[in-house]
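Put chain F on the given structure of chain Z with help from the hints.
One letter stands for each residue in the lines below.
Protein chains: 2
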Amino acid sequence: MSSIKLTILGCHSATPRVNAFPTAQYLEINNSHFLIDCGEGTQRQMRKYKVGFTKIDHIFISHLHGDHFYGLVGLLSTYGILSRDKELHIYGPKGIKDVTLLQLKISQSHAKYKMIFHELSSKKSELIFEDDKVSVSTIPLHHRVYTNGYLFVEKEKPRKLNMLNISGYPEIGRADYLNIKAGKDVVLSSGEIVQNSELTTAPAKPLSFAFCSDTSYKPDIIPIIKNVDLLYHEATFLEDREDLAIKTKHTTAKQAAKIAKDSVVKQLVIGHYSGRYKDLSLFKKEAQEIFENTELAEPGKVFSV
Amino acid sequence: MSSIKLTILGCHSATPRVNAFPTAQYLEINNSHFLIDCGEGTQRQMRKYKVGFTKIDHIFISHLHGDHFYGLVGLLSTYGILSRDKELHIYGPKGIKDVTLLQLKISQSHAKYKMIFHELSSKKSELIFEDDKVSVSTIPLHHRVYTNGYLFVEKEKPRKLNMLNISGYPEIGRADYLNIKAGKDVVLSSGEIVQNSELTTAPAKPLSFAFCSDTSYKPDIIPIIKNVDLLYHEATFLEDREDLAIKTKHTTAKQAAKIAKDSVVKQLVIGHYSGRYKDLSLFKKEAQEIFENTELAEPGKVFSV
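Line by line, the protein sequences are chains Z and F.
Note that my numbering gives residue 96 to position 94 of the first sequence, counting from 1, and the numbers run on in steps of one.
Note that my numbering gives residue 56 to position 54 of the second sequence, counting from 1, and the numbers run on in steps of one.
Chain Z with its partners taken away, still in its complex shape (with noise of 0.2 Å):
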């Protein structure tokens, strides 16, 4: 069933505070499985929201400051810990590996699994994993350091058979199902073409998700989430400090609003807030007045499409 489910883990900045918990975020999509980000807690989070460590076999790192990856470790030893025998993915900038089997090396973690790094250091969009349910791009970011986001998009579906229509035709029979869902019409043996468009009908349309964070105002990333279903993109700041956005390459909430209606996106959701805004419902307002269909990113929240 083609479906997403974005899980909060943590959505703060790195600035310390209470009940602030740094980016984490877990995907399920078309019935795969994600982690994207790992701040410190991130495991304690995956507890309490009660996801399953076990079903996760790829990890996305947006990029190396210690509020999107220092939990990432802890997550690791704990699947040494966990017994786990199944190959991960890790997929983040170049440098994760060597400070990862570190860290991993001096606390002499053994782990029985597998850890395949996928280092990243193109500047463009490429493709990084794709499998038949599921691909994943980078979205290329402007932070103070070298930053992705990633776009998860669902496989194409095959058609639907239309059953009724399929059954004036007593010829066609079990065997040809295959053939008529990948889209091909039926030669009859009488020689009458059926045409595909009358024995199927269109598959749900791909479901996809962005992740945007952290990152400068960039429309350039507009055309590669052009259309998305939904959208995290990271809201540091509010209008009134753009300022502090430029300097320290982050987006306020207006702009990420920017982005998600000129990338036509269904929900857009953010995060990434600035220790500095007691009340967050103002997040939420500036960027409304934008785009309309803006929710904030909560530790525990669930948004579904």
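Be careful, since some hints might not be right.
Note: identical chains are not told apart, hence a pair may lie in one copy or across any two.
Keeping only pairs whose Cα atoms sit at most 30 Å apart, straight-line, the calculated DSSO-like set for lysine-lysine is [said to hold, decoys possible]:
| hint | residue 1 | residue 2 |
| --- | --- | --- |
| 1 | Lys268 | Lys220 |
| 2 | Lys280 | Lys186 |
| 3 | Lys263 | Lys88 |
| 4 | Lys116 | Lys286 |
| 5 | Lys303 | Lys183 |
| 6 | Lys186 | Lys125 |
| 7 | Lys220 | Lys286 |
| 8 | Lys183 | Lys260 |
| 9 | Lys114 | Lys99 |
| 10 | Lys99 | Lys256 |
| 11 | Lys99 | Lys186 |
| 12 | Lys251 | Lys114 |
| 13 | Lys96 | Lys114 |
| 14 | Lys157 | Lys107 |
| 15 | Lys88 | Lys280 |
| 16 | Lys249 | Lys116 |
| 17 | Lys116 | Lys251 |
| 18 | Lys183 | Lys116 |
| 19 | Lys116 | Lys157 |
| 20 | Lys280 | Lys228 |
| 21 | Lys107 | Lys251 |
| 22 | Lys251 | Lys96 |
| 23 | Lys249 | Lys183 |
| 24 | Lys287 | Lys186 |
| 25 | Lys107 | Lys126 |
| 26 | Lys183 | Lys287 |
| 27 | Lys280 | Lys52 |
| 28 | Lys280 | Lys57 |
| 29 | Lys114 | Lys280 |
In case anyone wonders, no lab produced these hints; they're calculated from the structure.
Note that the structure is predicted; figures quoted are calculated from it, not measured.
Only chain F this time, still in chain Z's reference frame:
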């Protein structure tokens, strides 16, 4: 004022569980403030239990297993964000400097403050810190990796002036007080010697705290921790799984209590419970059969002397 206040920030072993926090303790002794071990999420626990980040100038790491130090780099980064500028001393096994600095470098955490690493490799107890209030020595432990406990001892106080008796000697004035507090006798102009014991009373006995985690049962630490006022000793297993304690180089509750009894300590606190036990009261029960004044470590619990 001579005193000990120990706040448990985390006290569980590494096995992943909901609401289990790895080892970290905050020690206030004789108005000095120390952090001992720093598992993942320690900075969050510090916030939760209102530990003043800026008071800490010395952090002691027992060993480089993840559940005792994976939270260090996050805390050091946070000190950077908080614009700390005073020196921070970090004590721990050889290797702690490289792994920490690599993480900070890769995450481009620019700190204004100076980090001074004191890497330990001796297998004998050594004095590693001393000022006019407290001394700290290592307690060599026996675990799967190089591990030290730490012994914190208040400095000997000066003797207290007995003002009633002093007033009987009009010749003795303020200028003499420092010498009298230091234990010296006073020679009057008549040549008469007034014994110090007549002019002073004994100061409060210096208090002491010993932190012992993680370790096999190791009775040869007893001479080092003899008579301490407060002993934290790990107790990962109950007696029923002494086989596992031996295999993993940990201690049972009964063994921890035996160490406390044989060391003639005033109070024992145990922790680092294995995830296999649901009912932690069994740890207390088992220990109390050997050493009555035993308490269980719990996140947020404070032990005062």
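Against the structure, the hints come out as follows:
Only within a single protomer do lysine 268 and lysine 220 lie at most 30 Å apart by alpha-carbon distance; the minimum there is 19 Å, versus 63 Å between protomers. In this assembly of identical chains, lysine 280 and lysine 186 lie within 30 Å of each other by CA distance neither inside one copy nor across copies; the values are 58 Å within and 60 Å between. Taking CA atoms no more than 30 Å apart as the test, lysine 263 paired with lysine 88 passes in neither setting, with 41 Å inside one copy and 47 Å between copies. In the homo-oligomer, the alpha carbons of lysine 116 and lysine 286 never lie at most 30 Å apart, since the shortest distance is 42 Å inside one protomer and 40 Å across protomers.
With identical chains, the CA atoms of lysine 303 and lysine 183 are never at most 30 Å apart, being 37 Å at best within one copy and 63 Å at best between copies. In this homomeric assembly, lysine 186 and lysine 125 never come within 30 Å of each other (Cα to Cα): the closest approach is 39 Å inside a single copy and 76 Å across copies. When the C-alpha separation of lysine 220 and lysine 286 is checked against a cutoff of 30 Å, the pair qualifies only within one copy, where the shortest distance is 20 Å, while the shortest distance between copies is 58 Å. When the C-alpha separation of lysine 183 and lysine 260 is checked against a cutoff of 30 Å, the pair qualifies neither within a copy, at 39 Å, nor between copies, at 73 Å.
When the C-alpha separation of lysine 114 and lysine 99 is checked against a cutoff of 30 Å, the pair qualifies both within a copy, at 17 Å, and between copies, at 27 Å. Taking the shortest Cα distances, lysine 99 and lysine 256 never come within 30 Å of each other, neither inside one copy (36 Å) nor across copies (42 Å). Neither within a single protomer nor between protomers do lysine 99 and lysine 186 lie at most 30 Å apart by alpha-carbon distance, with minima of 46 Å and 64 Å respectively. Only between protomers do lysine 251 and lysine 114 lie at most 30 Å apart by alpha-carbon distance; the minimum there is 21 Å, versus 40 Å within a single protomer.
For the homomeric pair lysine 96 and lysine 114, the shortest alpha-carbon distances inside one copy (24 Å) and between copies (26 Å) are both at most 30 Å. Taking identical chains as interchangeable, the C-alpha atoms of lysine 157 and lysine 107 are never at most 30 Å apart, the minima being 38 Å within one chain and 39 Å between chains. In this homomeric assembly, lysine 88 and lysine 280 come within 30 Å of each other (Cα to Cα) only across copies, at 29 Å, whereas the closest approach inside a single copy is 43 Å. For the identical chains of this complex, lysine 249 and lysine 116 are inter-copy neighbours only, at 25 Å across copies versus 40 Å inside a copy, given an alpha-carbon limit of 30 Å.
Taking the shortest Cα distances, lysine 116 and lysine 251 sit within 30 Å of each other only across copies (26 Å), while inside one copy they are farther apart (35 Å). For a Cα distance limit of 30 Å, the shortest separation of lysine 183 from lysine 116 qualifies neither inside one copy, at 37 Å, nor across copies, at 66 Å. Taking CA atoms no more than 30 Å apart as the test, lysine 116 paired with lysine 157 passes inside one copy only; the shortest distance there is 27 Å, against 51 Å between copies. Proximity of lysine 280 to lysine 228 under the C-alpha cut-off of 30 Å is found in neither arrangement, the shortest distances being 32 Å within a copy and 50 Å between copies.
When the C-alpha separation of lysine 107 and lysine 251 is checked against a cutoff of 30 Å, the pair qualifies only between copies, where the shortest distance is 19 Å, while the shortest distance within a copy is 34 Å. Taking the shortest Cα distances, lysine 251 and lysine 96 sit within 30 Å of each other inside one copy (20 Å), while across copies they are farther apart (37 Å). Taking identical chains as interchangeable, the C-alpha atoms of lysine 249 and lysine 183 are never at most 30 Å apart, the minima being 53 Å within one chain and 58 Å between chains. For a Cα distance limit of 30 Å, the shortest separation of lysine 287 from lysine 186 qualifies neither inside one copy, at 50 Å, nor across copies, at 74 Å.
Taking the shortest Cα distances, lysine 107 and lysine 126 sit within 30 Å of each other only across copies (25 Å), while inside one copy they are farther apart (33 Å). Taking the shortest Cα distances, lysine 183 and lysine 287 never come within 30 Å of each other, neither inside one copy (46 Å) nor across copies (67 Å). For a Cα distance limit of 30 Å, the shortest separation of lysine 280 from lysine 52 qualifies both inside one copy, at 28 Å, and across copies, at 19 Å. Taking the closest pair of Cα atoms, lysine 280 and lysine 57 come within 30 Å of each other only across two copies (26 Å); inside a single copy the shortest separation is 36 Å, beyond that limit.
For the homomeric pair lysine 114 and lysine 280, the shortest alpha-carbon distance between copies (27 Å) is at most 30 Å, but the shortest distance inside one copy (45 Å) is not.
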